[in-house]
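Student: The primary structure of each chain is shown beneath.
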Amino acid sequence: MWDTLIIQPFTNVLLAITLVVKNFGVAIILFTLLIKLITYPLTAKQLKQTAAIQELQNSPRYKKMMEKYRDNKEKLAEEQMKLYKETGTSPFGSCLPTLIQFPIIIGLYQSIMKAMAATPIEILRLERLVYPFLDATKIIPIQNRFLWMDLGQPERLAVFGVQIPILAIIVVATTWLQTKVMEPPSTGAGDQAAAMTKSMNLYMPLLMGWMAYSLASGLALYFLVSNLATVVQYSVTGRSNWSKILPFLKTKTPEAKPAQTVVLPDEDEDEDDEEEIETPKPASKPSARAIVKQQRPPQKRKK
Amino acid sequence: MTKKVLKVILLFIISAALLAGCAMGPRAESAPGLSAGESAVYVSYMQHVYKVDTKIGSELWRYPATGSVQVVLYAPPLLNGNSIFVGDLANKFHQLDAAGGSELWSFTQAKGWFQAKAATNGDVIIAPSSDRHVYALNMDGSLKWKFSGEFGFVAEPLIIGDSVIVAGLDHKLIALNIENGDLLWETELKGSLIAPPAYDAASGSLFVGSLGNELLSIDSKTGKRNWSFGDNGEITAVYATPILVEDGLIFTDESGKVFALDQATGAVRWTLDGGGETVAGLLRVDDTFVIALEKGELRAYRISDRTPLWTRTLDGKLYTTPVLEAEKIIVAVTKGKVLLQAYDLAGNPVWSFTPAK
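Line order of the protein sequences matches chains A and B. Numbered per our numbering, the first sequence spans residues 14 to 316. Numbered per our numbering, the second sequence spans residues 614 to 970.
No lab work stands behind these hints, which were simulated from the structure alone. Yeah, the Cβ is synthetic: ideal placement off N, Cα and C, and Gly gets one too. Any given hint could turn out to be false.
Using 25 Å as the maximum straight-line C-alpha spacing, the simulated BS3-like pairs for lysine-lysine come out as follows [stated by the list, open to error]:
(1) A/K127 x B/K724
(2) A/K127 x B/K837
(3) A/K211 x A/K76
(4) B/K970 x A/K127
(5) B/K870 x A/K76
(6) B/K837 x A/K151
(7) A/K127 x B/K948
(8) B/K785 x A/K35
(9) B/K870 x A/K151
(10) B/K757 x B/K803
(11) B/K870 x A/K35
(12) A/K98 x A/K127
(13) B/K950 x A/K151
(14) B/K803 x A/K127
Pairwise CB distance ranges (calculated) [as the list claims (entries may be wrong)]:
(15) B/K970 x A/A57: 46 to 52 Å
(16) B/E859 x A/I51: 56 to 62 Å
(17) A/I51 x B/K970: 56 to 62 Å
(18) B/K970 x A/R83: 50 to 56 Å
(19) A/Q176 x B/K970: 53 to 59 Å
(20) A/L219 x B/G960: 37 to 43 Å
(21) A/Y144 x B/T924: 30 to 36 Å
(22) B/G817 x A/I118: 53 to 59 Å
(23) A/A57 x B/E801: 46 to 52 Å
The task is simple: from the sequences and hints, build the whole structure.
Tutor: Structure, rendered in structure tokens:
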């Protein structure tokens, strides 16, 4: 099922590109970009949802609520859900696009692995994967020389007799760049998410670098192109945080973004004054009910 | 909070270590490499080469003694006198002591995997590699010459006098001068060549199949085609070497169809449905041939009248050509309960071998 729906079509598209461009390295680059392009609407939606949640979590109301119900987790969760509902956001909103993208990314990786068949059994499996209209005899074996690399082998460039893993180094650099660009602005000194992101930023480049160092360079090339494409996607959607890398650039905080100002009912029973908070524009089109709710004048709860 | 961060860091370290551990070893899936000689069978699979006694199927030694994920072996070992020659997927080629399994030397200049069985004439060892080179080594492990091809090599070389015939994934069958590696001739086929050709010394003909759905007869002196079979879509991909019978040859294609052709003309003598997809080669035992079906079935037929003699079913896949040693048919199983299964010539199970952990 997985092979028929994901691996087989992906592998055949990759092989078809290879037949056209006559270069497996270029085919990997084009195929990775194609997949990134196809999944772009999902990525954009995910980024929008994530930003909306971040903006909401930076709002004074949210912080106040967090402080107030610090010792009552049940009530805090209830209030949070209420707030998410009122503002048309969902903490799980960014999960669905990620979940949909996940099998595609896995499929992309596996199809590149399949196409780089090097043993008789792997060649047999590849031959059986190829659709009849693509002539398997012309495709196999795949010419996997690209620049100085043999895409089926780990990459090393001999510089004055020293074997340097250039591609692995570039993968480390671009993974670091990607994690930095994607890093959300910290919401405070005690921000757990920021602390976790920092630890991830340290280990992810090392992990990806080690994989690029030891695996076939065709996969390292995929890691590189994927990293760069992600950075470009973030930049295009305006979500990139370049100030993390280039400190002279002005930090683009979530507050600086245009936000929809709505007046929400103050849930605090002890305070009669209304609280105005900035809430982000919902990522998805708000329902008519939500619009009506937003336009409704503030109400006070019956005591 | 600190605890949570520490947990995340710990999780990443464990994941990194696990993934890195996997990444360190060659990522390849292949079938056991099998060979036999001197009342022993040698099999390369995963982290070891095993020497197994053919009488009772007991392990005599394994190399390396302690397995490592960095070293994976699939190439069939070559037995030559008191030595075993075998390459691995860590790009190294070894000479081992056949009696005890200790390493005598290692050749480490290759940049790709050794998947093919090596060949030797007693003076030179020919070891093709996936790094697009055919390496010729002196008997002390030093490099004599190397030949550069377009793609990798996975087929065992065939030494005929002063020349060595090598089948390549680049669709070419080449002949090299064994003394210096000079190209003597090359013939291009329609598809990749996975297995070496069969050689008939009387006619000087080579018989080789390719993934291009064809089987060719080629003159071993000149590389010229004598005839080709499969031009009209009669066969599918050929993954194994044909067997020679008197003035004919028998081979199977991927679909499992068995063909008997006339050696001189390529005319079809008879065909037979083997019963399933087949990648492994046929094994000839007197007037019997044994076919190993991919689905795990072993079938024996009488050659003269194609009468089915016996069928045995194994748990696992069969991709490796069975071998005959000490009156036993020995089969290597991929992803099965056992690694080796031995039968007597009547198809009765004699012993099985599963490596101890």
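Student: Just tell me: holds or violated, for the beta carbon distance of B/G817 and A/I118 against 53 to 59 Å?
Tutor: This hint holds: roughly 55 Å between Cβ atoms.
Student: Is the hinted range of 56 to 62 Å satisfied by the C-beta distance from A/I51 to B/K970?
Tutor: 45 Å, violated
Student: Does A/K35 sit within 25 Å of B/K870, going by the straight-line distance between their CA atoms?
Tutor: 34 Å, violated
Student: CA of B/K803 to CA of A/K127, is that 25 Å or under?
Tutor: 22 Å, holds
Student: Are B/K785 and A/K35 close enough, with their CA atoms no more than 25 Å apart?
Tutor: 19 Å, holds
Student: Taken at face value, is the distance from the CA of A/K151 to the CA of B/K950 at most 25 Å?
Tutor: Not OK: B/K950 and A/K151 at ~37 Å, beyond 25 Å, violated.
Student: Indicate whether the distance between the beta carbons of A/Q176 and B/K970 respects the range 53 to 59 Å.
Tutor: With a Cβ separation near 35 Å, A/Q176 and B/K970 fall outside 53 to 59 Å, so the hint is violated.
Student: Decide if the proposed pair is consistent with the structure: A/K98 and A/K127, CA atoms, cutoff 25 Å inclusive.
Tutor: 45 Å, violated
Student: Given the proposed pairing of B/K870 with A/K76, does the C-alpha separation stay at or below 25 Å?
Tutor: 74 Å, violated
Student: Quick one: are A/Y144 and B/T924 within 30 to 36 Å, going by C-beta?
Tutor: Holds, at about 34 Å.
Student: Can the restraint linking B/K970 and A/K127 be considered satisfied, given a maximum Cα separation of 25 Å?
Tutor: Roughly 30 Å separates the two Cα atoms, so the pair is violated.
Student: Given the hint that B/K870 pairs with A/K151, test it: the Cα-Cα distance must not exceed 25 Å.
Tutor: 23 Å, holds
Going down the numbered hints, you'll see the structure goes against 2, 4, 5, 10, 11, 12, 13, 17, 19 and 20, while the others check out.
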